[in-house]
Structures are given as structure tokens and as C-alpha cells.
Amino acid sequence: MTERNTHSVGIVKTLKLTFAENGDPLLLENSQKISPVTVAYETYGELSDTRDNAILIVHALSGDAHVAGYHSESDRKPGWWDIMVGPGKPVDTNRYFVICSNVLGGCQGTTGPSSNDSATRKPYGVRFPVVTIGDMVEVQKRLLDSLGINRLHSVMGGSMGGMQVLEWVMKYPDIPKSAIVIASCAALSAQAIAFDAVGRSAITSDPAWNAGDYYDTDSRIPGLAVARMLGHITYLSEAGMRDRFGRKLKESGDYAYEFRDEFEIETYLAYKGSSFLDRFDANTYLYVTKAMDYFDAGAKYGNGSLVEAFRNVKAKMFFVSFTSDWLFPSRQSVEMVRSAEQAGKRVSYLNIDTPYGHDSFLLPCDRLFSGVQSFLSHVDME
Amino acid sequence: MYKELHKQTTFAEIAEMIEPDSHVLDLGCGDGSLLDLLRTTRQVSGIGIDIDEEAVLASMERGLTAVSGDLDQALAHYADRMYDYVILSQTLQVVKRPDHVLEQIVRVGKQAIVSFPNFAYYKVRFGLLFGGHMPKSKILPYEWFDTPNIHLLTINDFKTFCKIRGIEIVKAVYLHGKMKKRRVNAFANILAEEALFVIRKT
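Top line first, the protein sequences correspond to chains A and B.
Residue 230 in this note's numbering is what sits at position 230 of the first sequence, and the numbering runs on without skipping anything.
To convert a position in the second sequence, counted from 1, into this note's numbering, add 1000.
Honestly, the hints are just simulated from the structure, not real lab data.
Remember, it's a predicted structure, so these values are computed and weren't measured experimentally.
Watch out, some of these pointers could steer you wrong.
[To be verified] Coverage of chain A stretches by chain B, computed from C-beta distances (three or more under 8 Å per stretch; other residues unrestricted):
{"#": "1", "stretch": "347-353"}
{"#": "2", "stretch": "364-373"}
[Stated by the list, open to error] Negatives, chain B to chain A, calculated, CB over 10 Å:
{"#": "3", "residue": "Ser1068"}
{"#": "4", "residue": "His1077"}
{"#": "5", "residue": "Phe1130"}
{"#": "6", "residue": "His1133"}
{"#": "7", "residue": "Leu1140"}
{"#": "8", "residue": "Arg1200"}
Ideal Cβ positions, reconstructed from N, Cα and C, are used throughout, including at glycine.
Extracted from the complex, chain A is given alone in its bound form (with noise of 0.2 Å):
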């Protein structure tokens, strides 16, 4: 434990903030109210007097609240991003004071589809109003305000996480001082939107599913173990999986001319899947997953122009990507680069060589350490 507590912000707790309560409801992007909402939060470090060391860290599709430090004295692993976040770390809890909340329509504390809808007091399913990356970030506003924070540090956040931080940016662009967008896209491509799809398809399709009412039966749906073992293909590269799994076989020695998982690639996914069913709710899978597909900063900022998007943007800006992510291509960050170029704003942009895929941002990296410790330390600077 004392090792733990060195470098990490220790034993942490997830917090939760009701409102949207009687009578004023959270109005949607498409025109639906949720009523009320709860949002589960953490947050890490002090607030200065001065109310402006904060930075709010915005998760990916199947990230939480719980971005470091540990739950419990017995818990075997630490938040999503403790390689990240923690005291001397690249976003340091000795000088910043970090927030990340789940998302709206998620499941691992803020209001969902597996919340129970106050009206019935049974859970929504897919009763559930169809929420934006815009809904999320609001929501996250509305705790922001709860906390008597108006100005940011920062905003950041990976993948989805990116999206959610250009909605920051073109939304409310007196808050956030600087932002950073990691491997991440403006609009996801037709092929990241197809992969989606499938995803989807295997949650509908599965009987488990039941149309979105299964939460008095098992919540465990097998459809969306298959969802998330697609996604992983996705965020691995051909490269990382030849070096990590290779052909090898679990058990050593001659095929089994049988069906079941032979070649360590196929144990990992099914683990990778099966574990998923323990932590995440398959209606979320739905929702978030359309939240991303839906997300077009250029046509919603912009008339359809990127440019114009990031006319208004006042936050200082970095981007990352990966060279060997192909669910987020480089191209997609170059393209923001430039839109932001264009629009007149002096933006850095760094484009890591690694083979890890889309998953690389959230493995341990020294160059994105660098990158992201240099850039959140010099936001001050003119």
C-alpha cells in the first residue's frame, strides 16, 4: 500500500449530485427531459482559492468516474487512467485539482437507461431519451456549476472523451483555458460508424435482450460481449496483435479440431468480453455508442465547416494521435489541426509512432506523458 500511495492519489471515493429535480428538467439536444439526474463524479487534488487549478477529464465509450487511485484498500486495480493522473504525474494532483464524472447514459452511476425512470420506478431501457455528446457535456456543466467552478484549467479526454472536449470548446469557449483531444475526430468516419453498427446489431439481436427490458431478469446479455470483443479489434492494430498474440495456442501442442478458443487471441477477446458483461449494461452500449455516431462538431458549430467551428474556440489546443489507430486515424487529427489552423488558432499537435492501435492512449506512453505534462504546464503562457 505505501508504494501505491507514493504515486497514486490513494483511496478515492465516487461522489453523486442530483438535480434536474421537480419541476426543472434537463432539456435534451433533441427536444426530450429527463427528470431528475444524477451524475457520479470523483475528483482528486485541491481546489486553489482561486478556483482556477481545475481540469475535467471527460471519458472514452466504456470509461467511469473513477480515473485514479484505488476504491478500496483491497481493490486489485486503479482508475482507468492512473497512469495519467496522480501526484508527479503528467496531470498532477499536487497542482491541479482533477474532475471526471460518468456520462450521462451511462451506468456506472450517472443517470442511464438502467436508472429507474421516476415516472414508473422501473428502469427506463430503452424508454430512455436518446442523449447527445451535447447532452453530456451539459451535464457536466450543471456539475462544474455545483462545484462553484467556472473557469478550467483544462479539459481533456481520448476518443470519445475527445469529442466530448471539442463540445467543450465550441460550446463554452470562456471556460476552458486549454484543452487536450487524444486520438479523437471532429466526426466519426463511416467506418468507425459500421463498426458501431455491428456492435449494436449484437446486443438487438441477442434474445437475452429482450428489447431493452432485462434488468428484473439478467442483465448479463452475451450480444454485447461480442460488441465489446469487436470494438477491442478496433482499438488494437494487425501490428500489435502479430507481436502480442501471434498464432500461439493456449495450451501448447497439436489443434484440437474443435470449437472452442484455441489461439490466445481468441481467449483474450473472449475475456475481454465476458469480463465486460460484469461492469457495463448493454442498453448503455446502445446509447453511447449513437451518441458518438451523431457527433459532427463541423455541422453543428459550423454550417458543415470545420473552420468555422473553431472560429469562436479561445482555448489553447493539443492533439494526439496515434500512427497505427485506425478506428481514429491520424488524418481525422490532421484535419482538426488544420480547421483550427485555418480558423486562425495556434494550436500543437503531436503524432505518436506506436503500434498499439487506438488503445495506446490509454497504455503507458512517455512521449504522450511529455506532451501532455509540457503543454497543461505552459497553458499560462503567452
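For chain A, the structure is supplied; the task is to place chain B on it using the hints.
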């Protein structure tokens, strides 16, 4: 050591060419030391571009704005005359298409500053003439098989190129010797180890 000193002198020459408070794009920015110098001595705002990740990171560590990019492709999206100066210091000889890059920098910059090692420098000539090997010098330290310099040129080549392409040479500075002192213009194509040009599109 020599390389450092050499760099510093060339950078000081470049700094002298730049008006204070201007907007600068530094292509092949390396560790950002030139932009850092220009920021301190000329109060410029600037962006560095480099294909090397470590260069981008080193520049960011100085608090500079830096972008990963391949110069052969990284310029087309910039608007005409978007920068007061585009700097191409010791980089022209490493790009795939110097002609395209030169056309771009005089489009994007109101002025462009280009420096390169002069391949007609007498020691380089002697190296080839008497040694019979690809010339090496302090400014051209590489072997033929590992050199990043894929388009070496002479001062006369550069002047001819500018003339044909309608690019005006606003200023030329020729450098030579240990301390990289300025030299007279006479016989520059033979005596100058390095050339520095300020150019613009007329």
C-alpha cells in the same frame, strides 16, 4: 560544440532579419531553439513544424506551439501571406520536393528565410576533386549512405531557381569560417560554407 556555435551564429543572423512582433512559421523547427530565441529577442509569436516527435516535444517543453508534420505536405492548407516570415533553416536539402516547398513558403509567408549549406564551397569541391569521395565537412558531416540531405544545392543553383520562378531575393548573407563571420559577396559561391536568403514572391 562546433555545431552548437555554428547554429547560434546562423540563428543570430536570422534573428537580425526579423521585425519585432511578427508572426513566424519555422519549418523543421528541431528542438525549438530558434523560435525560442526569436520569442525572447524579437517577441515573435510562432509555430514550429517538424516530422520528428522528439523535436515537437522539445519545442513544447519550451512552451512553444509545435506541430507534427511532413513539410512536403504540411503547407498547402495555410492561407496566402498568413505569416510574416516562414523560416526554412538547414531544411531545404532534406525535403522530397524543394521546388514545391519553396513555392509554398513564398505563398504562405510575406517573406521567407532560407538557409542551406553551399555545395559549391571550395572545401566541398576539393573533397570531391582530390579525395574522389562524396564531400564531408563540419556542416555536411554525413556519409553518402546515411545523409538526410537528398537535394544538395549551390548558391548559384538557388539564385537561378528564384529567377526562373519569379521569386525575388530581398537579401543574401553568406557565412564562412569557424565563427561564421559574414563574408563579402564576391566569389560567395566558392567561399561561402552556408547561405542565408530572404525571399518573397513578386
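Right, here's what the structure says about each hint:
1. 347-353: That given contact holds, which follows from 7 residues of the stretch 347-353 of chain A lying within Cβ reach (below 8 Å) of chain B.
2. 364-373: holds (count 3)
3. Ser1068: 4 Å, violated
4. His1077: The assertion about histidine 1077 of chain B is violated, with a minimum of 4 Å to chain A.
5. Phe1130: Answer for phenylalanine 1130 of chain B: holds, closest chain A Cβ roughly 42 Å.
6. His1133: About 34 Å separates histidine 1133 of chain B from the closest Cβ of chain A, which puts it past 10 Å; holds.
7. Leu1140: Correct as stated: the minimum Cβ-Cβ distance to chain A is 27 Å, above 10 Å.
8. Arg1200: 22 Å, holds
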